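Peer 1: If you want the building blocks of each chain, they are given just below.
2 protein chains.
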Amino acid sequence: MFHELSKDNYFYAMSKNNEPKLKVNPGDTVKIDSHDCFTGQIHSEENAFDGFSWDKINPASGPVYVNGMKPGDVLKVTIEKIDIGDTGVMVTGPEMGVMGNRLKDMDVRIYDVNNDKGTVDFGGLEIPINKMIGVIGVAPPNADINNGTPDTHGGNMDSVKVAEGAVLYLPVYHEGALFGLGDVHAAMADGEISVSGLEVEAEVTVKLEKAETLKTYHPVITDKDGVYMMVSDKDLNLAVDQSVHKMIDLLQPQTGLSLSEMTMLMSLVGQTQINQVVDPKKTARFFVPGYILNHYNIELK
Amino acid sequence: MFHELSKDNYFYAMSKNNEPKLKVNPGDTVKIDSHDCFTGQIHSEENAFDGFSWDKINPASGPVYVNGMKPGDVLKVTIEKIDIGDTGVMVTGPEMGVMGNRLKDMDVRIYDVNNDKGTVDFGGLEIPINKMIGVIGVAPPNADINNGTPDTHGGNMDSVKVAEGAVLYLPVYHEGALFGLGDVHAAMADGEISVSGLEVEAEVTVKLEKAETLKTYHPVITDKDGVYMMVSDKDLNLAVDQSVHKMIDLLQPQTGLSLSEMTMLMSLVGQTQINQVVDPKKTARFFVPGYILNHYNIELK
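Quick note, the sequences are listed as chains A and B, same order. Going by full-length UniProt numbering, the first sequence opens with residue 1, and the numbers climb by one from there. Going by full-length UniProt numbering, the second sequence opens with residue 1, and the numbers climb by one from there.
Same shape as in the complex, but just chain A (with noise of 0.2 Å):
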């Protein structure tokens, strides 16, 4: 069944206290309207700040309940497709991201899209677009986390991999799992070191249903390419070497080699890289490209 759901239903942060906005069974199809991640505040590079306020930032729509997902489920979203507008805006300023100790400045930019050529024009520079989401998750475990910060619930993974065509597995901790997204790009590289990508109002249609077998305790994506396990930390060294444990315990029991033959196979074929080092905790991910996976007739689903 195919379902939509405005902007107008947003919250900031994901909790378990957030009220459903929509109820859809499993196997359903969803068209999420998402407003850009300053809800639609910034309308020109002059006096962008002129009333602007810090609290409406990465606005996320949902909550979606879907029927039947328990804590201990997994939910499988599959990223149909991403429609989004022309324009798109970035910030910087003073101690945001990773050049914000020498910006002396806040500064804003406004970027055309044209969707038919799939380009941004940055001033005159051709950027191929990469449309992407940056904030995706259900409600964490416990206390609320705001839309800004990133974890084993999704959040603001900010990966150029949660793009069409994916399909992401987030652990779910309530009934209902209260799903939500928004904070979509039109285009950001691996870091997004200046804290902002090409941040664009969207349409996003996903599938929402239980995954049959995969069980995992951090965000997993699948997409043409392999798996990726993400893992996020204040701390980049930890967030990567989580990542690739993890990878390692998802796998390995699948494989039939020992511990010492799995890590030699990941230090030949498994790649360290990372989704952004500039929100509040900090997200690696691992790769394992998707012939390892037929080789050994891994399925993951």
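Bear in mind the hints are in silico, worked out from the structure with no lab data behind them. Note that this is a predicted model, so its numbers are computed, not measured. Hints should not be assumed to be uniformly reliable.
As the list claims (entries may be wrong) - Derived Cβ-Cβ restraints for the label pairs, each shown as a range:
{"no.": "1", "chain 1": "B", "residue 1": "P94", "chain 2": "A", "residue 2": "E45", "range": "55 to 63 Å"}
{"no.": "2", "chain 1": "B", "residue 1": "E95", "chain 2": "A", "residue 2": "G124", "range": "49 to 57 Å"}
{"no.": "3", "chain 1": "A", "residue 1": "K70", "chain 2": "B", "residue 2": "G51", "range": "52 to 60 Å"}
{"no.": "4", "chain 1": "B", "residue 1": "K224", "chain 2": "A", "residue 2": "D225", "range": "38 to 46 Å"}
To be verified - Capping the alpha-carbon separation at 30 Å, the derived lysine-lysine pairs in DSBU-like fashion look like this:
{"no.": "5", "chain 1": "A", "residue 1": "K224", "chain 2": "B", "residue 2": "K224"}
{"no.": "6", "chain 1": "B", "residue 1": "K215", "chain 2": "B", "residue 2": "K301"}
{"no.": "7", "chain 1": "A", "residue 1": "K281", "chain 2": "B", "residue 2": "K234"}
To be verified - Negatives, chain B to chain A, calculated, CB over 10 Å:
{"no.": "8", "residue": "G27"}
{"no.": "9", "residue": "S44"}
{"no.": "10", "residue": "R109"}
{"no.": "11", "residue": "D112"}
{"no.": "12", "residue": "N115"}
{"no.": "13", "residue": "H174"}
A virtual CB, placed ideally from N, CA and C, is assigned to each residue, including glycine.
Guided by the hints, dock chain B onto chain A, whose structure is given.
Peer 2: Leaving out everything else, chain B in the frame of chain A:
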């Protein structure tokens, strides 16, 4: 002019005090033979560590003295060819690499390399080879640095990008630069999570010359895809952040963009990547694609 250097000429620490084993002129080409990272001590999977010395790891062949190179210059190393042996060794064990806290015993595996097919035979699984140089560098500015450790002088950067066709730029600290390389891998993935690639003997052909205009305080690589800035630090958080700063310092003056705009551009197209997370210092690299350099007419040479 073409030179050859035998693998009998090697050292275990990069040092201003290493005696040159070959003197070449800028623009000369050298075929450098290298031992594997165990200095050829491991010949079989059984009893691999009988008589093994951990003092004999990561030999680099050299040093090569490049006539006329002076402190403050930048050495340009063009990786023309990497030929590797037809077997490779891997090691894992307690306290080694990302998984070392869960490994109980030392383990050794020897895998065949099929250079005609371009594959490694990992117990029936065919892995594509990606030949790369683990240790490559010049004499560091002050104290000796063992070859297992990367830093501004290069060293054990363990980057998949130090591959055939790439050009590596290294800051020069001493007369003649005192260049060396070794620790070649038949295959390895970003992270090198076991602490070992598939370790092989190799013959590496490099052209050594003085960079025309490029100035850098950290290793820089250019290849067909773009440019990479490499920064090593015990803390990956700092390595990543500094790789971004140093890349922006390298490119921004040639773009005409403000620091805010450059930061935004890098957030859209510049990628935080990882060489390795298992050496005494971890190495991050920041990547900018070639079309960005072309658009702003940035020539790195």
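Peer 1: Of the numbered hints stated earlier in the document, which are not met by this structure?
Peer 2: Numbers 4 and 10 - these are the hints that the structure violates, sorted from lowest upward.
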